[in-house]
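Q: Use these hints to put chains B and C onto chain A, whose structure you have.
Residue strings, one per chain:
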Amino acid sequence: MGKSSSKFLAGPYIVWMVLFTIIPLCMVVYNAFTDSYGAFTMENVSAIFDPVNAKPLWLSFKMSFIVTVACFLIAFPLAMVLWKYSKNRNSFIVMVFILPMWMNFMLRTLAWRLILLNNGFLNHGLEMLGLNHVYLMNTKAAIILGTAYDYFPFMLLPIYNALVKIDKDVINAAKDLGATGFVILKRIILPLSIPGIVSGLTMVFVPSMSEFVIADMLGGGKVYLIGNVIEQAFNSGYADVHLGSGLSLSLMGIIVISMLVYKFFDKGEERSGVW
Amino acid sequence: MKHIFIKKLAAVFLCLSLSLNLVACGNNTEAKEENQIIVFNYGDYIDRDVLEQFEKETGIKVLYEEFLTPEAMYTKYKNGTVKYDLICCSDYMLDKMIKDGEAREIDIDSMEYTSNIDNDFWQVSKSFDAQNKYTVPYFWGTVGILYNTSMLDFVPDSWEFLWDKRFKNNIIMQNSVRDSFIPPLVLDGKSINTTDEKVLRKALKRLEEQKELVQSYLVDEVRDDMANEQAALAVIYSGEASLASEYNEDLEYVVPKEGSNIWMDSWIIPRSSSNYEGAVKFLDFLCRDDIAQKNFEYVYYSTPNKAVLDNIDDEEKEEDNAIFPDNDILKRCEMFTYPGEEAEKLYNRLWKELKVY
Amino acid sequence: MVRKIKNVAGKLYLILILLILYLPIALLVISSFNASARNKAIWGGFTVSAYKELVHDETVMGALYTTLMLAGGAAFIATVLGTLVCIGMINMKKISKSFIIGVTQIPLLNSDIVTGIALMLLFTRFVGLSFGTMLIAHITFIIPYVVLSVQPKVLQLNLSTYEAALDLGASQFYAMWKVILPEIMPGILSGFLLAFTMSLDDFSVTYFTKAPGIHTMSTMINAEYRKGIQTEIYALSTIIFAIILFVLFIINRKSEKAAKLEAESEV
Numbered sequence: 001m002g003k004s005s006s007k008f009l010a011g012p013y014i015v016w017m018v019l020f021t022i023i024p025l026c027m028v029v030y031n032a033f034t035d036s037y038g039a040f041t042m043e044n045v046s047a048i049f050d051p052v053n054a055k056p057l058w059l060s061f062k063m064s065f066i067v068t069v070a071c072f073l074i075a076f077p078l079a080m081v082l083w084k085y086s087k088n089r090n091s092f093i094v095m096v097f098i099l100p101m102w103m104n105f106m107l108r109t110l111a112w113r114l115i116l117l118n119n120g121f122l123n124h125g126l127e128m129l130g131l132n133h134v135y136l137m138n139t140k141a142a143i144i145l146g147t148a149y150d151y152f153p154f155m156l157l158p159i160y161n162a163l164v165k166i167d168k169d170v171i172n173a174a175k176d177l178g179a180t181g182f183v184i185l186k187r188i189i190l191p192l193s194i195p196g197i198v199s200g201l202t203m204v205f206v207p208s209m210s211e212f213v214i215a216d217m218l219g220g221g222k223v224y225l226i227g228n229v230i231e232q233a234f235n236s237g238y239a240d241v242h243l244g245s246g247l248s249l250s251l252m253g254i255i256v257i258s259m260l261v262y263k264f265f266d267k268g269e270e271r272s273g274v275w
Numbered sequence: 001m002k003h004i005f006i007k008k009l010a011a012v013f014l015c016l017s018l019s020l021n022l023v024a025c026g027n028n029t030e031a032k033e034e035n036q037i038i039v040f041n042y043g044d045y046i047d048r049d050v051l052e053q054f055e056k057e058t059g060i061k062v063l064y065e066e067f068l069t070p071e072a073m074y075t076k077y078k079n080g081t082v083k084y085d086l087i088c089c090s091d092y093m094l095d096k097m098i099k100d101g102e103a104r105e106i107d108i109d110s111m112e113y114t115s116n117i118d119n120d121f122w123q124v125s126k127s128f129d130a131q132n133k134y135t136v137p138y139f140w141g142t143v144g145i146l147y148n149t150s151m152l153d154f155v156p157d158s159w160e161f162l163w164d165k166r167f168k169n170n171i172i173m174q175n176s177v178r179d180s181f182i183p184p185l186v187l188d189g190k191s192i193n194t195t196d197e198k199v200l201r202k203a204l205k206r207l208e209e210q211k212e213l214v215q216s217y218l219v220d221e222v223r224d225d226m227a228n229e230q231a232a233l234a235v236i237y238s239g240e241a242s243l244a245s246e247y248n249e250d251l252e253y254v255v256p257k258e259g260s261n262i263w264m265d266s267w268i269i270p271r272s273s274s275n276y277e278g279a280v281k282f283l284d285f286l287c288r289d290d291i292a293q294k295n296f297e298y299v300y301y302s303t304p305n306k307a308v309l310d311n312i313d314d315e316e317k318e319e320d321n322a323i324f325p326d327n328d329i330l331k332r333c334e335m336f337t338y339p340g341e342e343a344e345k346l347y348n349r350l351w352k353e354l355k356v357y
Numbered sequence: 001m002v003r004k005i006k007n008v009a010g011k012l013y014l015i016l017i018l019l020i021l022y023l024p025i026a027l028l029v030i031s032s033f034n035a036s037a038r039n040k041a042i043w044g045g046f047t048v049s050a051y052k053e054l055v056h057d058e059t060v061m062g063a064l065y066t067t068l069m070l071a072g073g074a075a076f077i078a079t080v081l082g083t084l085v086c087i088g089m090i091n092m093k094k095i096s097k098s099f100i101i102g103v104t105q106i107p108l109l110n111s112d113i114v115t116g117i118a119l120m121l122l123f124t125r126f127v128g129l130s131f132g133t134m135l136i137a138h139i140t141f142i143i144p145y146v147v148l149s150v151q152p153k154v155l156q157l158n159l160s161t162y163e164a165a166l167d168l169g170a171s172q173f174y175a176m177w178k179v180i181l182p183e184i185m186p187g188i189l190s191g192f193l194l195a196f197t198m199s200l201d202d203f204s205v206t207y208f209t210k211a212p213g214i215h216t217m218s219t220m221i222n223a224e225y226r227k228g229i230q231t232e233i234y235a236l237s238t239i240i241f242a243i244i245l246f247v248l249f250i251i252n253r254k255s256e257k258a259a260k261l262e263a264e265s266e267v
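Protein chains in written order, with the working numbering: chain A, 1 to 275; chain B, 1 to 357; chain C, 1 to 267.
Quick caveat, the hints were computed from the structure, so don't treat them as lab data. Treat the hints with care, since some could be wrong.
[Unchecked claim] 30 Å max Cα-Cα, derived DSBU-like pairs, lysine-lysine:
id, chain 1, residue 1, chain 2, residue 2
1, C, K178, C, K94
2, C, K11, A, K165
3, C, K227, B, K165
4, A, K165, C, K227
5, C, K178, B, K294
One chain only, chain A, in its complex shape:
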């Protein structure tokens, strides 16, 4: 047949991924299990249990959990409404919701800074209404808000894409058979959109778990997440490549475990992508 030669097209990709994904990861692992003299140690990996690292980790987990749930609760109904009003995923109305994603991530966060500052837009607005100031800047709430805003489209799109794939005839059939709206939601729409929901949860949870720059910009150095710990491990006074690698490895492990828990509910259905 001679078709087999097409396999070689995969060559460059495989070489690339080995060079720039697998080898770097091996370097992280190597660094994680050695000290600065190159001797084997478990210290860097077990450092995650040290309170100064465990506390931020737990905080990150809690905050990204809130962010993820909040995004889901807002995005799911929205995706349902969009599904109703749009023909396909290239519709104008859907694009309108993707658009903010094309603004730079830092700009979006910067905008929230403008709003939340003690004498920012929010407080000026409240003042005009004769209300008291709120001090949201430099709090966990500010970071949660900023993170949820930044990652919202990553929740919306996969869910929407999964909804679009649902055959509307199935729903009409159910209606004809006398199913109520709630039953249709519970028995048809929700189960069929699970691949999208899982994608959305992953795409929001993973990045917010390791977020550090939003915490930097909206947290005023008062909120310290595991992402900040790792970043500081490479860029600050307590810089230690080995410790940083160890913590990165731990974070990776925790994320993979969380994903396995998701997968357990996912039951191997086809994922729906962002686009």
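A: Structure of chains B and C alone, referenced to chain A:
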């Protein structure tokens, strides 16, 4: 129809990215052959026009990078990712670098304009550079409290006020290890260079108590946030303070009566430097009368440069006691020294504990 | 009646979310025209001076240039590599296929920060940082998005056309170019766009693999916002937003036309 459009769009993108790419690669290889120096400095700590002028006059390209804290600088430097030719940093970090053998000797006498630096500052520099062999002074100053007179009807001339519950959510602290330990250590009547764990733990305790009152821990943002009236009090460097009060007339600077820190930022040529000549040229350029003047006007920190100081009339010196502090203020200030590796680790550990508190 | 209420509620919800999504951006845009130098929450008069300064601001323009170059270059190379591997996977054994899919999942499951750190360790150990290494880093973390976009299309391919072309004497390359490529083109395009967006938006990976003296938009903003209000940055964001709006508008016009044509042809 839509497909055709998207195809066209993509085609444009592809062509654009390809051509841009070729240009970029071309630029990159050129840059490597060129004569260039990599300069590492605090944020917003030089007049960018000075860099340009230097490039024009000497043909040496300046790659300019900034860092937030001395600790961040040292880590980046130690990583070896970038071969810096010239670094500007503070006394205790310079102390560390010289002790670690990371500094390259500078032939200061061979430079044309280093004589512009006042002898007093060569003397002060000796606390970290005993023979004046490795560093050239850049700017200096004190650490104190910047406060907003429209929010305070008294002078907060004590560090105690940083623990005053009335200012909850109205205090900005420095987001850097050594600086944040100044107030509690001074209040306890201890040296800001202490290595005693008990003393430091007690200071940490104070800082932890203070955390709920603190609005934010910042570095470069302090000046602007204060000018914007985000907070009533802030721990700040004198130079930043006087800039801030230029933006906002309500701002005043005070060095607390218990004492504080006097600091010196100097240039150092690290061992990693691959263009010693270029670095020395740049250093000399910074000391030159007109450039030092220009740079002073932009940065507006206390300068050790005689040529600049002579140009400033006494009236201005009287007016701005942040940049031109009295001798009795300086007498109650202490300079940082490098506390040694053990103590540094301890400081960092305590800092981390404060951050996660 | 209930239906009507539901409809109205749905629309209201849609509008509410839109407002929240666009409010921060709108404030950025307004701020770019605000003459008040310090506090952008107070209106200090209308000015376009930020736009004039923007053109001469080398830091901002340089960052914009680097960002576009990086995103364009990385998305292009990633699209080529990603498309090739998807085609290559057609006739592959299951084991090799699952190996490739597995490797593709790594950058997706890894947080950006770990990807950035891993690449930084690699580059600093062997070559040092430059624009080239930044490009490599970007390609590495956006490639999976291309593969995920293209692969479903490849799976849907009807290979019999391709085989027919081969039987009729077309060379393998020719058949691929003329038969397979057009069929998977939508996937390639959306993969390219997604990769481009991801690269444009990235901070973490760039932050760790950044070469000295080079800034992308993200790292530039991260360095500049601390030094005070930079109205030029707001001006730039306004321009970017205007471009995006323009593109959206055109897409909308075209799709309306397409819908009309479709409707007409149906009649």
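Q: State for each hint whether it applies.
A: How the hints compare with the structure:
1. K178(C) to K94(C): 27 Å, holds
2. K11(C) to K165(A): 22 Å, holds
3. K227(C) to K165(B): 29 Å, holds
4. K165(A) to K227(C): Distance ~48 Å between K165(A) and K227(C) Cα, so the pair is violated.
5. K178(C) to K294(B): Violated, at roughly 65 Å.
In the structure shown, a violation is registered for the earlier hints numbered 4, 5, in ascending order.
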